[in-house]
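Participant: All chains should be modelled from the sequences, with the hints used to inform the complete structure.
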Amino acid sequence: MDFGVLCVHVVGGGASARSPETQAKRAFWEAVIKYAHDHANTKYLLIGDLNTGFKSDAQGTPFACPEMMTKVTEVGWIDAWHNKHPQDQEYTWYSRVANGFRIDHAFCTPHLLPSIAAVDYNHHERVAGISDHSIVIVEIAILHRTFPVLR
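For the sequence shown, full-length UniProt numbering begins at 1 and goes up steadily by one.
Treat the hints with care, as some may be off.
Distance windows between CB atoms, simulated [as the list claims (entries may be wrong)]:
hint : residue 1 : residue 2 : range
1    : Gly14     : Lys34     : 16 to 26 Å
2    : Pro66     : Pro20     : 15 to 25 Å
3    : Ser16     : Ile130    : 28 to 38 Å
4    : Asp38     : His9      : 14 to 24 Å
5    : Ala117    : Gln23     : 36 to 46 Å
6    : Gln23     : Thr61     : 11 to 21 Å
7    : Val75     : Arg96     : 27 to 37 Å
Hints in this document: simulated from the structure, not taken from any laboratory.
A virtual CB, placed ideally from N, CA and C, is assigned to each residue, including glycine.
Facilitator: Written out as structure tokens, the structure reads:
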């Protein structure tokens, strides 16, 4: 099965919506949204540290540009973790005051969704201090075709 993967690290942004850092983050996001739009009818996975989350996935003030998460879904992509865990709440990063945020994500196109076998977070590396983020793991089922022997 052929499919594409876009691994992304989005910068955190600044303290205000008008800061140069937030404007750079917004411009980067706009490029990601355009890419997602252009590949919406293919088998594609967008995965990484997006430093952005849905407002519902934040214990506190969300990171800059939360509206970009909605834009990804508006161009047809699916939050793969939420699709597999619709009732669950997990956080992949914690602030200094211990507020949790889900800012590491995996989105897929509808064409790839049937092949997504599992999406989970591994918190071990974050808890052990190896990283400040939990790891998002996507299992993709690759089906092998069996062809009859021609005689």
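Participant: Evaluate each hint against the coordinates.
Facilitator: Evaluation of the provided hints:
{"no.": "1", "hint": "Gly14 to Lys34: 16 to 26 Å", "verdict": "holds (23 Å)"}
{"no.": "2", "hint": "Pro66 to Pro20: 15 to 25 Å", "verdict": "holds (19 Å)"}
{"no.": "3", "hint": "Ser16 to Ile130: 28 to 38 Å", "verdict": "holds (32 Å)"}
{"no.": "4", "hint": "Asp38 to His9: 14 to 24 Å", "verdict": "holds (20 Å)"}
{"no.": "5", "hint": "Ala117 to Gln23: 36 to 46 Å", "verdict": "holds (39 Å)"}
{"no.": "6", "hint": "Gln23 to Thr61: 11 to 21 Å", "verdict": "holds (18 Å)"}
{"no.": "7", "hint": "Val75 to Arg96: 27 to 37 Å", "verdict": "holds (34 Å)"}
The earlier numbered hints are all upheld by this structure, with none contradicted.
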